[in-house]
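Listed in order, the protein sequences are those of chains D and W.
For what it's worth, the UniProt record's numbering labels the leading residue of the first sequence as 1, then goes sequentially.
For what it's worth, the UniProt record's numbering labels the leading residue of the second sequence as 1, then goes sequentially.
Hints should not be assumed to be uniformly reliable.
One copy or two, it doesn't matter: identical chains are merged, so the pair holds either way.
In silico DSS-like links for lysine-lysine, alpha-carbon gap of 27 Å or less [what the hints assert, rightly or not]: (1) LYS13 - LYS24; (2) LYS118 - LYS100; (3) LYS12 - LYS122; (4) LYS145 - LYS122; (5) LYS145 - LYS13.
Just so you know, these hints were derived from the structure itself, not from any lab.
Number of protein chains: 2
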Amino acid sequence: MIDPFDDSYFMKKALQEAEIAYEKGEIPVGAIVVVENRIIARAHNLTETLTDVTAHAEMQAITAASNFLGGKYLSGCTLYVTLEPCQMCAGALYWSQISKIVYGATDEQRGYNAMQTKLHPKTQVVSGILEQEAANLMKRFFIEKRNLN
Amino acid sequence: MIDPFDDSYFMKKALQEAEIAYEKGEIPVGAIVVVENRIIARAHNLTETLTDVTAHAEMQAITAASNFLGGKYLSGCTLYVTLEPCQMCAGALYWSQISKIVYGATDEQRGYNAMQTKLHPKTQVVSGILEQEAANLMKRFFIEKRNLN
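Bound conformation, chain D alone:
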């Protein structure tokens, strides 16, 4: 049987969030949190809008998901994020004990793999889902930004 709710399905929802960030002039990263095929949190990067380096999509998604669940641990949840999490976000995900992280594009410079940040031992990771779509949106953003300056 075909499962309509696969990783690509949910990553498309995260990409929609990234596009909203793009429209706002934010580095286009989007994230959602899913539990039993239901989206319980949607967020996009708002570091410029909120003038706050902590306002990454993942951080807001963790806070929103905890708020929805009424508990601070995200076991049983999956985070879909268009870009590989940074040290800060991976550190937050570590504390959350989230069950699964699915990310799109790799961040070779500031991603948690390059930075060697530790995730929780219970956390499973899948990477490269809709990688090109996420990477293309980032490229478009930085090309436009360069042309504006």
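Please arrange chain W on chain D, whose structure you already have, making use of the hints.
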């Protein structure tokens, strides 16, 4: 000339925040942000109260300081925190480009040094200021917690 505004002076203010956390049943960590000898942000751990793993004292202090300054970079600022920052908080401090971090007690298990988290190359670190006071407060918290359970 004696400088009344030394690292111990400001760490005492961070310890006061940690004591407020203690009274609330939170792991007692406090943080303040200082710029030119003025405190522009005060915060304490609120992970239980807010049911949010991202609500560490440092995270809130960064957000509050950015709000005060109207800018997301904390160059020229010093963070005083009673406990060595974790991966998440060190990752946030990395993005903030903060000039100086002063911490009290070492966190040998989850501290950013043990976890090998990278700080911004511009960030100077001082450790061990009022270390015993901060460590004693933590010990008192965990002993009480154990006795209650």
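Verification of the supplied hints:
no.: 1; hint: LYS13 - LYS24; in the structure: within (17 Å within a copy, 38 Å between copies)
no.: 2; hint: LYS118 - LYS100; in the structure: both (14 Å within a copy, 24 Å between copies)
no.: 3; hint: LYS12 - LYS122; in the structure: within (25 Å within a copy, 38 Å between copies)
no.: 4; hint: LYS145 - LYS122; in the structure: between (39 Å within a copy, 26 Å between copies)
no.: 5; hint: LYS145 - LYS13; in the structure: within (25 Å within a copy, 42 Å between copies)
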